[in-house]
Amino acid sequence: MTRLGLILSLLVLALFGAALVVGPASIGPVDSIVALIGGDGGASTLVVREIRLPRAILAALIGAGLGMAGAAMQGYLRNPLADPGLIGISGASALGAVIALQTGLAVQSGIGLPLAALTGALIGVLLVLALAGPRGSSLTLILAGIAISALAGALTSLVLNLSPNPFAANEIVFWMMGSLADRSMAHVWIAFPLILAGTVMLATLTRGLDALTLGEDAAEAMGLRLNRMRMILILGTATVVAGSTAVAGAIGFIGLVVPHILRPLVGARPGRLLWASALGGAAMLLASDLAVRILLPARDLKLGVVTALVGAPLFLHLIHRTRREGL
Amino acid sequence: MTVLSLSGFGVTLRGRPILRDIAFDIGGGELVGLIGPNGAGKTTLMRAALGLIGSVGHSSLAALAPAQRGRAVAWLPQAREIAWPVDVQTVVSLGRMPHMSTGQRMTGADRDAVDSALEQMGLTELRQRTATRLSGGEQARVLIARTLAQETPLLMADEPIAGLDPAHQISTMETFAELARKGRSVFVSLHDLGLAVRHCTRLIVIDRGGVVADGPPRALLSPDLIRKTFGITAWFQDTPEGLVFQPLEVAT
Numbered sequence: 001m002t003r004l005g006l007i008l009s010l011l012v013l014a015l016f017g018a019a020l021v022v023g024p025a026s027i028g029p030v031d032s033i034v035a036l037i038g039g040d041g042g043a044s045t046l047v048v049r050e051i052r053l054p055r056a057i058l059a060a061l062i063g064a065g066l067g068m069a070g071a072a073m074q075g076y077l078r079n080p081l082a083d084p085g086l087i088g089i090s091g092a093s094a095l096g097a098v099i100a101l102q103t104g105l106a107v108q109s110g111i112g113l114p115l116a117a118l119t120g121a122l123i124g125v126l127l128v129l130a131l132a133g134p135r136g137s138s139l140t141l142i143l144a145g146i147a148i149s150a151l152a153g154a155l156t157s158l159v160l161n162l163s164p165n166p167f168a169a170n171e172i173v174f175w176m177m178g179s180l181a182d183r184s185m186a187h188v189w190i191a192f193p194l195i196l197a198g199t200v201m202l203a204t205l206t207r208g209l210d211a212l213t214l215g216e217d218a219a220e221a222m223g224l225r226l227n228r229m230r231m232i233l234i235l236g237t238a239t240v241v242a243g244s245t246a247v248a249g250a251i252g253f254i255g256l257v258v259p260h261i262l263r264p265l266v267g268a269r270p271g272r273l274l275w276a277s278a279l280g281g282a283a284m285l286l287a288s289d290l291a292v293r294i295l296l297p298a299r300d301l302k303l304g305v306v307t308a309l310v311g312a313p314l315f316l317h318l319i320h321r322t323r324r325e326g327l
Numbered sequence: 001m002t003v004l005s006l007s008g009f010g011v012t013l014r015g016r017p018i019l020r021d022i023a024f025d026i027g028g029g030e031l032v033g034l035i036g037p038n039g040a041g042k043t044t045l046m047r048a049a050l051g052l053i054g055s056v057g058h059s060s061l062a063a064l065a066p067a068q069r070g071r072a073v074a075w076l077p078q079a080r081e082i083a084w085p086v087d088v089q090t091v092v093s094l095g096r097m098p099h100m101s102t103g104q105r106m107t108g109a110d111r112d113a114v115d116s117a118l119e120q121m122g123l124t125e126l127r128q129r130t131a132t133r134l135s136g137g138e139q140a141r142v143l144i145a146r147t148l149a150q151e152t153p154l155l156m157a158d159e160p161i162a163g164l165d166p167a168h169q170i171s172t173m174e175t176f177a178e179l180a181r182k183g184r185s186v187f188v189s190l191h192d193l194g195l196a197v198r199h200c201t202r203l204i205v206i207d208r209g210g211v212v213a214d215g216p217p218r219a220l221l222s223p224d225l226i227r228k229t230f231g232i233t234a235w236f237q238d239t240p241e242g243l244v245f246q247p248l249e250v251a252t
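Chains D and Y are the protein sequences, given in the same order. Here the first sequence is numbered in full-length UniProt numbering, starting from 1 and rising by one per residue. Here the second sequence is numbered in full-length UniProt numbering, starting from 1 and rising by one per residue.
Chain D with its partners taken away, still in its complex shape (with noise of 0.2 Å):
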């Protein structure tokens, strides 16, 4: 593993083990870890394996799944502002998960909300499989992504404009935010298979990334099979995005600003920053949800509004640098 691997490693593993031991219950780091390890089924065992831990892992789950599938995107269109909801998956899961909180589907089942993030996510790959699948080109992937984007905002906006009375309305509007505040071992089971599935597909596409560096020509003559690789891009960032939309509502500005700051201590390569960006994402995303447990307890702070408001200035930042650089 080089030096890098090794610090965005352990920075994980010391925010993933902050993650547990803080919280609005006062439970002191040493008996946090012992009520996670011993579980002597009192009040702190409950608190940190029911609320504490679901939690942490989504946070690394998530992040790690939105930073990987960011620097694929961006490799694949060559492009440091391409961002995993770029294709619009993002939002036809927002879209399902709106409908289930109006319908109050979501309200009769845990799981009825993710359920139905879910189906939404599934119309939207197919849509975009449809316009952009295997015989498209990188520009018509862009495009289907922008046109399932804005038809899914379209009807999201529809459903709140209809929305009966304004607690619904209230309730939908916190939920687009994001958040992983009380979710459940539930909510990790939904969301782990679906992150894996996505970062593993992600994860064969390093070569073809690398090769892309020399244009889609180039690399298509080097013996790259571009339309497979475009299938597995898709494939991979839907099933990522569709899985953390699911749990945690939208959560923007990990898959677009994590690949770009590390990108230069990968000496750009896009493969090597395949795995960079998964864990720098989910270092992100865990420190991020500390800030909304630590700056503001009483007041439900929510994780996307966080990352937003972390990622947009440091974005600032960078495309300053970028253009003293003359890059």
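Hints may contain errors.
Not the full set, but computed from the structure, chain Y residues with beta-carbon under 10 Å of chain D [stated by the list, open to error]:
no., residue
1, Asp-25
2, Gly-27
3, Ala-74
4, Ala-83
5, Pro-85
6, Arg-105
7, Met-106
8, Pro-153
9, Met-156
10, Glu-159
11, Gly-183
12, Leu-248
13, Val-250
Some chain Y residues near chain D, calculated using beta-carbon distances under 10 Å [stated by the list, open to error]:
no., residue
14, Leu-50
15, Ala-65
16, Gln-68
17, Trp-75
18, Asp-87
19, Leu-94
20, Arg-146
21, Gln-150
22, Leu-195
23, Arg-198
Pair ranges (Cβ atoms, derived) [unchecked claim]:
no., chain 1, residue 1, chain 2, residue 2, range
24, Y, Gln-104, D, Gly-42, 29 to 37 Å
25, Y, Gly-194, D, Asn-79, 36 to 44 Å
26, D, Arg-228, Y, Ala-79, 53 to 61 Å
27, Y, Ser-101, D, Pro-313, 38 to 46 Å
28, Y, Gln-246, D, Ser-137, 53 to 61 Å
29, Y, Asn-38, D, Ser-157, 48 to 56 Å
30, D, Ser-109, Y, Met-100, 45 to 53 Å
31, Y, Met-100, D, Asn-170, 27 to 35 Å
32, Y, Ser-135, D, Ile-33, 52 to 60 Å
33, D, Pro-29, Y, Ser-101, 27 to 35 Å
34, D, His-320, Y, Thr-201, 52 to 60 Å
35, Y, Pro-85, D, Val-305, 39 to 47 Å
36, Y, Ala-162, D, Ile-294, 56 to 64 Å
37, D, His-320, Y, Glu-81, 21 to 29 Å
Don't read these hints as lab results, they were simulated from the structure. In this text the structure is predicted, and so the values were computed from the model without any measurement. Every residue gets a Cβ at the ideal spot worked out from N, C-alpha and C, and that includes glycine.
For chain D, the structure is supplied; the task is to place chain Y on it using the hints.
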């Protein structure tokens, strides 16, 4: 040994026939220049022969499986793209990809190929530099070095020397000629007829969708062909320094 074989080969784009009835073979040790006016279909011919765009008829390269093709031919497209600010040796190392299986590290042979490619293109000093910060001509040389590192029996390049300074134009053509002397083949499209007649062992002239002439430069060039195909008059003469070709003026 034939490294590229085309027969009954043609390309139709958007219902318009661009090329038809193309047939030629390229053997080992040849430096073949593909010449013709703008729009004659030089790039189309090369991309179709590689199987990157659809075609009719037979092309020995397009018939290969993608993974085999990367070991049979190295392709340098006209658009010089280096998408990320990676260093020079990383770009050149990408040429070794077709020889490595997934997840495999570079072996000593791979590193030797990269070193020798860097040296042939005069890039050894620049190997740690960020490729995207180099000048256009230097980037072109980096990309040529990538195709050299690929160590394929055939190297195909679309206008590889456009935008290089005269010294690097000549040294690049000499690098190609040296490859040909060692038994590998090079197929390049060129606009500089002077360099084409001087360095190529064979020229293929295409115009209006077909091959109009094919053979060694000395036997091939006639004032008539030059006027008909390129619409110019030219002076050329066999000198002790080799064949010299100088375009003069647009034919009326």
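Violated hints, by number in ascending order, as checked against the structure
1, 2, 6, 7, 8, 10, 11, 12, 13, 22, 23, 24, 26, 28, 31, 33 and 35
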